[in-house]
Amino acid sequence: MTVKLKVENVSKIFGPRPKKVIPMVEKGVPKDEILAKTGHTVGVYNASMEIMEGETFVIMGLSGSGKSTLIRCLNLLNKPTSGAIYVDGENVVGYNKNQLKYFRQKKIAMVFQHFGLFSHRTVLENIEYGLEIRGMSKAERREIAGKHLETVGLKGYENQYPDELSGGMRQRVGIARALANDPDILLMDEPFSALDPLIRREMQLELLDIQNKLQKTIIFITHDVNEAFKIGDRVAVMKDGKVEQVGTPEEILEKPASNYISEFIRDIDRSKILQAEHIMSKPYGLVSLKDGLNVAIQVMRENGISSAFVTDRKRQIQGIVTVDQAINGLKEKKTLQEVMSTEVKTVRPDEYVQDIIPFVLDSKYPIVVTDEDRTIKGIILRVHVLASLISESTDEQNETQKL
Amino acid sequence: MTEFPNVRIPIGDVVENFIDFLAMNFDAFFDFIFVISSSMIKGLEAGLLAIPWWIFIIIIFLLGWYFTNLYGGLLFGAFIFLIGTFDLWPETMTTISIVLISVILSLVIGIPLGVGTAFSKTLSTVMRPVLDAMQTMPSFVYLIPVIFFFPLGNVPAVIATIIYALPPVIRLTELGIRNVDKEVVESAQSFGSSTSQMLMKVQLPQALPTIMAGVNQTTMMALSMAVVGSMVGAQGLGERVLYAINRIDISLGFEAGISIVFLAIIIDRITGGIANRLQKHRRDAA
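These protein sequence lines are chains A and B, in that order. Residue 1 is where the first sequence starts when you use the numbering used here, and the numbers rise one by one after that. Residue 1001 is where the second sequence starts when you use the numbering used here, and the numbers rise one by one after that.
Do not rely on the hints blindly, as some may be mistaken.
[Unchecked claim] Pair ranges (Cβ atoms, derived):
id : chain 1 : residue 1 : chain 2 : residue 2 : range
1  : B       : Lys1182   : A       : Gln215    : 25 to 33 Å
2  : B       : Ala1133   : A       : Glu150    : 55 to 63 Å
3  : B       : Gly1043   : A       : Glu150    : 47 to 55 Å
4  : B       : Val1261   : A       : Leu198    : 52 to 60 Å
5  : B       : Lys1182   : A       : Glu150    : 52 to 60 Å
6  : A       : Gln99     : B       : Asp1268   : 47 to 55 Å
7  : A       : Glu150    : B       : Phe1119   : 50 to 58 Å
8  : A       : Pro30     : B       : Ile1009   : 47 to 55 Å
9  : A       : Leu381    : B       : Lys1182   : 36 to 44 Å
10 : A       : Gln160    : B       : Lys1121   : 37 to 45 Å
11 : B       : Phe1119   : A       : Ile390    : 40 to 48 Å
12 : A       : Ser137    : B       : Asn1276   : 32 to 40 Å
13 : A       : Glu150    : B       : Lys1042   : 51 to 59 Å
[Claimed, not checked] Straight line, CA to CA, 27 Å or less: simulated DSSO-like cross-link-like pairs of lysine-lysine:
id : chain 1 : residue 1 : chain 2 : residue 2
14 : A       : Lys19     : B       : Lys1042
15 : B       : Lys1121   : A       : Lys106
16 : A       : Lys106    : A       : Lys19
[Said to hold, decoys possible] Here are some of the chain A residues that sit facing chain B, going by a computed Cβ distance under 10 Å:
id : residue
17 : Arg72
18 : Ile108
19 : Glu132
What the hints contain is simulated information worked out from the structure, not anything from laboratory work. Ideal Cβ placement from N, Cα and C applies to all residues, glycine included.
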């Protein structure tokens, strides 16, 4: 994966003489004090991040954390006070007027919280706006706009005006308008915050769908942790204009960089974020088919367990054998293959914990995590699932994983 | 120490000298303006008078119907018919011409100025006291210098009318453009619009309802200048009112006066209707 967009030490300070305030911010003077003393507002301070091609990158923070200011720096609606922004290796902060126009027309498009639609234009005229100002012919831009209208499921609404549509539909127009420009980078500034919860969920899924098809680089802003973790490949958490932590949702859940972030993610439903591979432990107490019953009993005794998983040479799961089965088998002079039970519950590494819970409750034995060819990746005990749901127990859990 | 000290700062003289200077040195320029505006007024007046009375009434009826409602159209038609019965038809056409030309010239000057003030804080700061002066300075005061530049007649009336009626359209154009939703402007920017594309395709269309409210105000104020304008020789209904005052002719005074009111109502409702129609698709859509 290549770096599509690199933000390097970007600061944005609002006020008449922003550069003068930078030394104060460097000294760590709090925002409120700077505002009281100098009348300058610190929007973003020293933000750095790298965003990969095709990635969905979420910037999360409460209102006033500077996330909207930062995203507006990326297409230079806000010109950074200091720092650099590289897109495909070029520093866009240094662009002149024409370069900037070209950059905005071809490479980057934006979706707004309150849609930012042109109320004097019909839906179709809204979508074709970006193409129109590039000077594309009417027939051509109509065709492209129509195609994107269909992508967002608004066929038949071409000639309506934005205020005749519901909120969800208006934001679809906003998305179609941004996509019509065929940008490499899509900026989304709290696009679903103004929508009611049902519509929001629907739009989130649709965005994931569209992203699967188009593979754009998406930078998505939200104040909603659940939304951030659902949509983001990686998430940056901002507070008071500073980037507190950048990482995958799992990394942030497992190792929050500060108390603030721990607080932030406390209410999150962890079972919807964590997947089997995050909570499983290394498989132990495995017996190979060729080993036979004696070895199986030995293994169980050594590990202090009452059942063992049976694999073939390639570590593909074959079945499970309990200690009772093994002892009876020995008495009756049967082979391991004959006494083991082949009914083993397996899950894939990317299954969410919330989907695994029912299996764990039903089964007396551990659950096996396997990949597609049934090779054992790990096992999940009931305790793993419980531990994963409680954030405080993360350290303990990491130790179990190391076994 | 009850009396003000005997100091004199002769601002009035300075202005008078300046007006004299202009009148003497920019003769050709004022002649040019005179010819242009007087021929515009004459042309429009002749055109209006050439329309048969019943066609004119039908046009007003249709405009009223289209921009307000059937009832409005009928009422406006009746108003015009009444004016006809007062035997004030040609005077009414003259007044309409003067008002229309004043309004058109006000818009030609006012909208670009309004756009300018919306974009430049400096211009806006400079313009504000000027606009205040234009609106509050008694109009008779600038009638005096205007007659230095132009012969008595319709043209000085138009100039005085423009001075009086210009501020609302400038102010409301500025307000309209400044009030365009921030996200709408940002979204136009984010697509790489140039300044002129932004203005023509987004800001002006979005500001249009507010600008139309300014046009409506300007028109009403232009009409209210009809009588004052006749003091520098403008013809039309205002001149009839003035004549009635001199003759203490209550009947003529009322008829000419009520005709001006009728025109005001018709113009207000029609321009208001146009503004509403523009507003239709843009309520809270941002």
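Given Ile108 of chain A was flagged as interface, is its beta-carbon under 10 Å from a beta-carbon of chain B? holds, 8 Å
Starting from the range 47 to 55 Å, see whether the pair Gln99 of chain A and Asp1268 of chain B falls in it by beta-carbon distance. holds, 50 Å
Can you let me know if the beta-carbon spacing of Gln160 of chain A and Lys1121 of chain B is within 37 to 45 Å? At 38 Å between Cβs, range holds.
State, for the Cβ atoms of Lys1182 of chain B and Gln215 of chain A, whether the hinted interval 25 to 33 Å holds or is violated. This hint holds: roughly 32 Å between Cβ atoms.
Between Phe1119 of chain B and Ile390 of chain A, does the beta-carbon spacing fit 40 to 48 Å? Between Phe1119 of chain B and Ile390 of chain A, where Cβ atoms are some 58 Å apart, the hint is violated.
What's the verdict on Lys106 of chain A and Lys19 of chain A, does the C-alpha distance respect the 27 Å limit or exceed it? Not OK: Lys106 of chain A and Lys19 of chain A at ~31 Å, beyond 27 Å, violated.
Range first: 47 to 55 Å. Now tell me if the beta carbons of Pro30 of chain A and Ile1009 of chain B are that far apart. Cβ of Pro30 of chain A to Cβ of Ile1009 of chain B: about 54 Å, so the range 47 to 55 Å holds.
Chain B contact restraint on Glu132 of chain A - CB to CB distance below 10 Å: Holds: closest Cβ of chain B sits about 8 Å from Glu132 of chain A, inside 10 Å.
Cβ distance range 50 to 58 Å for Glu150 of chain A and Phe1119 of chain B, holds or violated: violated, 39 Å
Evaluate the given range 52 to 60 Å for the C-beta pair formed by Lys1182 of chain B and Glu150 of chain A. The hint (52 to 60 Å, Cβ to Cβ) is violated, given that Lys1182 of chain B and Glu150 of chain A are roughly 31 Å apart.
Kindly confirm whether 36 to 44 Å is satisfied by the beta carbon distance between Leu381 of chain A and Lys1182 of chain B. Since the Cβ atoms of Leu381 of chain A and Lys1182 of chain B sit about 55 Å apart, the hinted range of 36 to 44 Å is violated.
Given pair status - Lys1042 of chain B, Lys19 of chain A, alpha carbons within 27 Å: Given that 27 Å is the threshold and the Cα spacing comes to 61 Å, the pair is violated.
When the structure is compared with the earlier hints, violations turn up for hints 5, 7, 9, 11, 14, 15 and 16 and for no others.
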